[in-house]
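Visitor: Here is what each chain is made of, one letter per residue.
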Amino acid sequence: MIENTKYARRYHFAFIDESTKKEIRRKLLKAVAIPGYQVPYSSPEMPIARGWGTGGLHVTLAIIGRGDVFKIIDQGSDASVNACNLRDFVHRMTDCKTTYDTKEATLIQTRHRITEEELTEQQIMVFQVPQPEPLRGVERYEFKTRQMHGEADYAKMWVSLYESIVRHGDIMLGAGYPVKVNGRYIMAPSPIPRWDVPNLHQAKTLYLFGAGREKRLYAVPPFTTVEPLEFEDVKFRIEQFKDVYCYKTHYTRAFLDELYLDDGSREHVINDSNFLDKIEQGIPITPFSNPYIL
Amino acid sequence: MGYVAVKGGTDAIRHAEELVEFYRVQAQTPPLSVPQIMTQQRLGVDKVMGEGGLYAPEYAAIALKQTEGDVFEAAFMLRAFITTMERRYYSETVNTREMFVRRKISASFREIPGGQVLGPTRDYSQRLLDTRMVHETETDLQAFLNTFAARIDKTRLPEVRTYDKVIDLLKREGLLQPVGNAEDRTLKDITREAITFPAPRSARLQMLSRAETGGLMALGYSSMRGFGATHPTVGELRYGTVPLRVKDPSGRVRHIGQIPLTEAEMVSTIKVSKKKQAPYFAIGYGLCLGQNDTKAICMGILDRAMRSPDTSSPANDAEFVLYHTEGIESMGFTNHLKLPHYVTFQAGLSNLRQAIDRANAEAAVAGGVAAAATAATPNGAPAPHLDPKPAHA
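Residue numbers (this note's numbering), protein chains in the order written: chain Y, 16 to 309; chain G, 9 to 401.
Bound conformation, chain Y alone:
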């Protein structure tokens, strides 16, 4: 017969076993030491599906401590279902305090946005990454992209950007715009919109990236040069929200979501839910300074 105690097993702190967490932390140190370089790692299975943020969870769970205050956002929102589910999981496995407040958080996991509020040296931001390989669009084989990174051979990437300009009059990459980190590696900044890309450059915060399905970790350490790829005559630019404003706050200098209202009309609202709450409640805000906002 099966003993009863077998099923009464308690979960380990932060779910993952200690030796695997240690391995992830070692790989993160390597990632920090070589900014933008993709470090392969074990990528254990999570009770969350592949492609739903397992890489972010690996990083979060490997570095979270009992004193951390945890925030998680999904496409700008603290309360969308995936964010709720992941926050609940991290909370159940660590008993850490969770928050919606960008300022209060010590550790923020994100899917595809950087907060509008500026992050500090005391905070770490963890990105969920679906496709860590910036060269995947120009080279389908991992084997070859590793070689291209090793040799800093980014010719194919530049040619594809050039071809895009010839065909479409512009670099047609939206989210996940490729950047060069510390003058060496080309990196895919998770698919954050171009709006957020300047906030990676010389930031005070440690940015960690986890791609679970592809089993790669990488990092942008604080105060690191991050340059979007651009040509002398075709410069990088961000999404422009021309002549529109947040219909709830009339704020203009934030990434806005388009809403289609019941009557078919169109409005815009601030995408970052905590930022929106703060403006609505009159709480002081400290946005990133973004030189690309016109």
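Hints were generated in silico from the structure; no laboratory data involved. Computed from a predicted model, the values in this text were never measured in an experiment. Take every hint as true, because none was put in to throw you off.
Listed below are the simulated DSSO-like cross-link pairs for lysine-lysine, each with C-alpha atoms no more than 30 Å apart in a straight line: (1) K255/G with K37/Y; (2) K196/G with K37/Y; (3) K346/G with K112/Y.
Given the structure of chain Y, go ahead and fit chain G onto it with the hints provided.
Guide: For chain G alone, coordinates are given in the frame of chain Y:
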């Protein structure tokens, strides 16, 4: 105002969970017991253990119960469960010559050492729907078991023994060339290390062993049907239990139990490119948890196919095969499409609108010369240039 996916996520999740539970139990049929699933849904449990990569029949049965029989989801739960446990030991190499054989067949030879043992298989029976299953009672089961036992003459039961393997026959005749590859002797643990290419054979076989049966079959089948030139013969297919041993810290080898395995050794002819060298037989190898003939056979085909120097066919391409047969990862990523993508979509939208504006402006300039009647598309708008590489999820 319209729908905004901002607050209320927690409630929605809780309600969805409640509904799942409701759907499972709403018909008020007697609850399935875990031992029932373990025994009567044996092949489902085997599949879950194999794809989950964990030998734990009770846990696999619990997972099947919890997921209403969804093998993918159940295997996914087992995989996640592994993450909570330390890896303490690596087992000593399993020797399938020690297998307590429940089934062993060869398609290469009519007679093999110990004879062909069909064992439990549906291969040779007609797949006719048996509606009598509806009325099956415990009395029926007991009656069947009694009749079954009565037919066995215990005095004639041979002593338990192991059997030589078919490949030994081939080796003795010198038809099978030793692989002699050093890559066969190094272990890369794919649960602890990311796979890199070219992947060593140990990693390839581990990936295949946890791969999704249907995915393996699609690629294995493609290789037999003409995409690649593998058409192997089943040298030997075995299902049975093998002893498992680990080395304890003092260096003593200890027996820790038995696990059921299916093993396939697929024989194929290798044509050599050099003119003077004679062609030879080589083995494609498959091994998976539980009874799953299809998976073991397809593993064997793909193991061989991936060693082909010509990578123009999908099945011969290790990177293609290994990444795309990983069922749990592909399922997760496929289903992530259900998550909201409005920020990334907005980024693409903004690009697309500007591209359309530019195209319109160009058309307007061109239209100044040509007659405005030559509209670019039926609805009057110029064909939008779609982003050749749309924003990822």
